[in-house]
Amino acid sequence: KQEVTQIPAALSVPEGENLVLNCSFTDSAIYNLQWFRQDPGKGLTSLLLIQSSQREQTSGRLNASLDKSSGRSTLYIAASQPGDSATYLCAVETGRRALTFGSGTRLQVQP
Amino acid sequence: GAGVSQSPSNKVTEKGKDVELRCDPISGHTALYWYRQSLGQGLEFLIYFQGNSAPDKSGLPSDRFSAERTGGSVSTLTIQRTQQEDSAVYLCASSPEVGLAKETQYFGPGTRLLVL
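Here the protein sequences come in this chain order: A and B.
Each residue of the first sequence is one higher than the last, beginning at 804 in the working numbering.
Each residue of the second sequence is one higher than the last, beginning at 71 in the working numbering.
In short, the hints are calculated from the structure, not lab data.
Backbone N, C-alpha and C fix where the C-beta goes; we use that ideal spot for every residue, glycine too.
Hints should not be assumed to be uniformly reliable.
Claimed, not checked - Some chain B residues flagged as far from chain A (calculated, every beta-carbon gap over 10 Å):
| hint | residue |
| --- | --- |
| 1 | E84 |
| 2 | S128 |
| 3 | T140 |
| 4 | V185 |
To be verified - Pairs of lysine to aspartate or glutamate, EDC-like flavour, derived with a Cα cap of 20 Å:
| hint | chain 1 | residue 1 | chain 2 | residue 2 |
| --- | --- | --- | --- | --- |
| 5 | A | K804 | B | D94 |
| 6 | A | K845 | B | E138 |
| 7 | A | K871 | B | D94 |
| 8 | A | K845 | B | E167 |
| 9 | A | K871 | A | D830 |
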C-alpha cells in the first residue's frame with residue numbers, strides 16, 4: 804500500500820526566505836507526483852505536476868523535483884511571501900488514477 | 071470558465087440521518103473523484119468515475135456510502151445512517167481524461183459535514 808509522508812508538518816519563516824518542503828513515498832511505481840496548495844476553508848489548487856519520466860518542474864518561484872528511485876520529492880519556494888501561507892500537500896498517482904496524499908506541511912510566512 | 075462546484079457548502083445532521091452531497095464537475099471533464107478530508111486522517115480517496123466505465127469504489131469505507139453519476143456529469147454522494155465519525159470535509163474533483171497521468175485533478179471547495 805502506497806504511503807506518502809511530508810516533513811515538516813509545520814513551518815514558520817520570515818518573509819523573503821527560501822524554503823524546502825519534503826515529500827517521500829513508499830512505492831516507486833507511480834505515474835506522477837503532484838503538489839497542491841490548500842487555503843483554510845478552500846479546496847485544493849494544483850501547483851505542479853511531475854510525470855514519472857521527469858525530474859523537475861518549475862512555475863514562477865516554485866520548483867519541484869522528483870527522484871522516483873529513492874521515493875522522494877522536494878518543493879522549493881524562493882523568496883517566500885506572506886501570500887504563500889497555506890498548507891502544501893504532496894500526492895502521488897498510481898495506476899488506478901486516485902491520488903494518495905501526504906498529511907501536508909502547514910506554512911506560515913511572517914511579514 | 072466555471073470550476074468544480076459542490077453543494078451544500080456546509081451540512082449539519084443528526085446521527086442516523088441520511089445525507090446527499092452534490093458535485094458539478096467542470097464541463098467536458100470525463101473523470102470525477104470523491105475524497106474525504108478528516109482531522110487526523112488526511113485526504114483519502116473514496117470513489118472514481120470515468121465515462122461510462124464501472125466506477126472504482128475501492129475507497130468507500132462502508133456500505134453506508136454510495137455514489138452515482140448521472141449523464142456523465144453531476145454526481146451525488148450519499149451517506150446513509152450517518153455516524154459521528156463521518157464528520158469531515160468531502161471534496162470532489164474532476165479531470166479531462168486526455169492521457170493517463172498527464173492531467174491534474176481540479177478540486178471543488180468541499181462540503182463540510184458535521185454529524186451530531
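Right, here's what the structure says about each hint:
1. E84: 24 Å, holds
2. S128: 7 Å, violated
3. T140: 21 Å, holds
4. V185: V185(B) clear of chain A: closest Cβ-Cβ about 19 Å, beyond 10 Å.
5. K804(A) x D94(B): Not satisfied, since the Cα-Cα distance of roughly 31 Å exceeds 20 Å.
6. K845(A) x E138(B): 24 Å, violated
7. K871(A) x D94(B): This hinted pair is violated, its Cα atoms lying about 34 Å apart.
8. K845(A) x E167(B): 24 Å, violated
9. K871(A) x D830(A): 9 Å, holds
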